[in-house]
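Line by line, the protein sequences are chains A and B. Numbering-wise (the numbering used here), the first sequence opens with residue 1 and increments by one. Numbering-wise (the numbering used here), the second sequence opens with residue 1 and increments by one.
Hint data in this document are derived by calculation from the structure and do not stem from the laboratory. Some hints here could point you the wrong way.
When the alpha-carbon atoms are kept at most 20 Å apart in a straight line, the in silico DMTMM-like pairs for lysine to aspartate or glutamate are as follows [to be verified]:
#1 A/K200 x A/D118
#2 A/K237 x A/E180
#3 A/K414 x B/D247
#4 A/K219 x A/E180
#5 A/K376 x A/D319
#6 A/K109 x B/D247
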Amino acid sequence: MSKPRPVSKAARLRAERLYWRAGFGALPGEVEALARRGVPAVVKDLLHPRGPALRKGPAPTVEGQPIDPFNVWGHDVLWWLDRAVRGRHPLVERMTLNWHDHFATSNEKVGQAKLMLDQYQTIRKHALGSFRNLAQAILNDHAMQMFLDLSNSDKDDPNENFARELFELFTLGVNNGYTEQDIREAARALTGFTFDWDTKTFGYDASKHDGGVKRIFGKSGRYTPRDVVNLAIAHPKHAPYLCRKLWGYFTPRPCPPGTLKRMVAAYRTSKTQLRPVLQIILTHPALYADLEDPDQVKPPLVYVAGMLRKTNQFVNVPDWTWLLDDMGQRPFYPPNVSGWEQDLSWLTTASVRARYSAASRVVESMDIKDGSIQKKETPAQALSAALRRTGKPWMGRQTRASLTRFARTSVADKTEEWQVEHYWPERQRVLCHMLLAGPDAQVC
Amino acid sequence: MNRQCGCDDWHLSRRNMLGRVAENVIALPEQALVEGPAAAAESLRGRGLTRRKALVGAGGLALACAAMPRFGARGVLEAAAAEAAADPNARILVSIYLDGGNDGLNTLVPITDPKYRELRTRVGLDPATTLPVSGHPEFGWHPSLTGLKQLYDAGKVAVLPAVDYANPDQSHFNSQIFWRTGVVGPTNDRTGWLGRTIDAIGGTDNPLQAVSMGWGLDPILLSRTAPVATLFDPSGFGFYIPGVWSDGAALTPYRGALSGGRSGARRAAQRSFRGAISVFDQLAGIRAEGDRPPPPPVAYPDEHLGNGLRNLARILGAGFGTRIATISHGGFDTHSSQLTDHADLLKTLSDALVAWQADLDARGLSDRVLTVVWSEFGRRVEDNDSSGTDHGAGGVVMLVGNHANGGIQSEFPGLTNLDEDGNLLVTTEFRNLYATILESWMGVEAGRILPGVDGRRLALVK
Chain A
1 MSKPRPVSKA ARLRAERLYW RAGFGALPGE VEALARRGVP AVVKDLLHPR
51 GPALRKGPAP TVEGQPIDPF NVWGHDVLWW LDRAVRGRHP LVERMTLNWH
101 DHFATSNEKV GQAKLMLDQY QTIRKHALGS FRNLAQAILN DHAMQMFLDL
151 SNSDKDDPNE NFARELFELF TLGVNNGYTE QDIREAARAL TGFTFDWDTK
201 TFGYDASKHD GGVKRIFGKS GRYTPRDVVN LAIAHPKHAP YLCRKLWGYF
251 TPRPCPPGTL KRMVAAYRTS KTQLRPVLQI ILTHPALYAD LEDPDQVKPP
301 LVYVAGMLRK TNQFVNVPDW TWLLDDMGQR PFYPPNVSGW EQDLSWLTTA
351 SVRARYSAAS RVVESMDIKD GSIQKKETPA QALSAALRRT GKPWMGRQTR
401 ASLTRFARTS VADKTEEWQV EHYWPERQRV LCHMLLAGPD AQVC
Chain B
1 MNRQCGCDDW HLSRRNMLGR VAENVIALPE QALVEGPAAA AESLRGRGLT
51 RRKALVGAGG LALACAAMPR FGARGVLEAA AAEAAADPNA RILVSIYLDG
101 GNDGLNTLVP ITDPKYRELR TRVGLDPATT LPVSGHPEFG WHPSLTGLKQ
151 LYDAGKVAVL PAVDYANPDQ SHFNSQIFWR TGVVGPTNDR TGWLGRTIDA
201 IGGTDNPLQA VSMGWGLDPI LLSRTAPVAT LFDPSGFGFY IPGVWSDGAA
251 LTPYRGALSG GRSGARRAAQ RSFRGAISVF DQLAGIRAEG DRPPPPPVAY
301 PDEHLGNGLR NLARILGAGF GTRIATISHG GFDTHSSQLT DHADLLKTLS
351 DALVAWQADL DARGLSDRVL TVVWSEFGRR VEDNDSSGTD HGAGGVVMLV
401 GNHANGGIQS EFPGLTNLDE DGNLLVTTEF RNLYATILES WMGVEAGRIL
451 PGVDGRRLAL VK
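Construct the entire structure; sequences and hints are all you get.
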């Protein structure tokens, strides 16, 4: 057999870029193969994943115990992080996170991890499928019904919370093609869902539904909750709004008007299928521009899951819950119904310090022992070893220069035996740390 | 559907400004830099842009970065120290936010108003237990406010009993966003009024010029371009890697890679690290004091507010050029069991303010610091069935400091005529309060920070 031809650096960077944007970072062992397959083929695989959802191997334990999202504080967050780390269907997992941001629901109000995990499964099931099905499923999702006061909104006192967000955030955009009157009428049509606090059961009671004629977007009918969602999706402003929002999850660059048109057409002809839209985005040249100057800030969950994947680690400490909170993204607890502020908003003096501390956890788990590195290790070898340990991340010129200098100077005067024992591994720890957490590691 | 407190919007509404937002990076359309903040706010509104859209619209050009000087990372870190050293006598504004809607009527109690006892059968305070307010027999201080009373008697507290905005909205979130942004009504400009103030008076390199005492950035401090710092414990703001002993090694390679990015994202990452590292460097002296700094002259209450003010006094005392700082004191959403909860909250506030003023005195800072205590609204005049009070209007604002113009400085409307929701009438618009603070304390023309504010000012600073 002939040796496979080497892949170009650009092909490798494209594969890395795609897996950071559409997943949680490629595993170190798979980059080469992904680069060889090329973007269109890899995107096809991402859109049509096959096989088990999780990588082989036992479920991780935290302090010797299995992750228990229902009963242990903070384990809901660990549970989500673990899915991201061990997932084999990166785009499904990533879109689940994106939809959680889009249909943001917080356990702060819902107060039941079970309902939140149910919602996760609901979203995940429809993550790449039909938006109509997804939106209808969300309408019937119990966590959402509780979060936006859909349950127990009855005809005598319709609660407008869900109606407003359905238009404003979920389907149309702020002040984009609807009126306050449309919201009030939609709220009437959305009445009838119930929740019994004593038995903790959800239901639908036709006698609490306003069966009268409602006028929404200039049309009249005896609309049901289901009809409201369909009306919003049929609204001419819906497709451009949703396509543009999806685009924004994958690149901070403005969406070219021609691309938006193509996405909208694909979305409409496919009757709200998401795969054709995602395919356009993920194969678009804008996603692969400036490979040596990445322009998206990794969301905290992507950053942490990516570090664990690149270092072949698994969720093994409870600290990730508060570290993610300090970084500004605690899954199941979005700050409000409009989700997380993305992009540059992730970065503050406090949040970069939390990102730094997160890498300290990972370096600690690498367990680079004192005495494990010999004095003959050259600075170049030290940097190569750190790159291997951290999954060969991309770094810019300044980062490389700074690390190279540090690799040389940090041990220059440390020649005693006891110094070699400690400071040479210490050099390795710092090099790994900066490859995981330096400014260039925060972007993709 | 209401959980504990009956506020459906508590921590949930989309109108809640985020607890965590970029401290130093909001790229703006070009005219923002040309025309100044107020004009930018207008232009953002006029074009119906959300901040996110504005970011996307800037397309990674990150115009905000244009304001950054062009020297290397080390130069920038030194510049931060230089900025900090500038003007050691500059005045300082500290915001204490009473989170949840403080019951002003049980803070400064209208004891002689017959409607008070009539409408407050469950949470009304017995006039005999209130503390006298010098020169104002019609009022009494809540019994917990012994310390605040002393400060008031010393002429160091200006009190405004019915501050809000016209047609007050009783949602926490609308009110919070209005008070935080300094804009009443819909706006897509998410910057806080104190963030815009630091844009106007601050520099480009010293995050400690404005400090959000907490873990997430206080949205009131969200700026357009000026760097600001988020921290709570200055001696705990460290960078640590297990198994790294060498002094400084844990940051050494980072310091060499803090510039050179071209994309908005890389520049933001580098800028955030620069900010965090410069804060770390500047705090070296405070870290050297360890966890047990010299005790303050009066002990602070060992709670979030007390510890935060204590930490803040250390930061101000060290002279980092801080001009603005903010902290919250939470728990004021007293829909039920108000009597005990509110008494505890006010006691903490009062004791903390006394310790704070004494600490500032001891550090020679009390002539430079003005503290404003505010809340997003007052509470309903009539109490509710759960021995609490619901969301109201017209809250009490207090300015504390050597230069606060002591006394009751605005009209109290009384409880006979209430608004249609049964709330206190508003006699003072909070924007006029802000404008007064800006002009008579911070030396900034109010119109630059508060677009469209009218010319009414109050006598709050002496």
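For each hint, the structure was consulted:
1. Distance hint between A/K200 and A/D118 is fulfilled; the C-alpha atoms sit about 15 Å from each other, no more than 20 Å.
2. Between A/K237 and A/E180 the alpha-carbon distance is near 16 Å, which keeps this suggested pair within the 20 Å criterion.
3. Proposed proximity of A/K414 and B/D247 is supported: the alpha carbons are some 14 Å apart, at most 20 Å.
4. Simply put, A/K219 and A/E180 have alpha-carbon atoms about 15 Å apart, close enough for the 20 Å limit, and the pair holds.
5. At most 20 Å may separate the alpha-carbon atoms for a hinted pair to count; A/K376 and A/D319 exceed this at roughly 36 Å.
6. Annotation: proposed proximity of A/K109 to B/D247 is violated, straight-line Cα distance about 45 Å (limit 20 Å).
Consistency with the previously given hints fails for numbers 5 and 6, ordered from lowest to highest.
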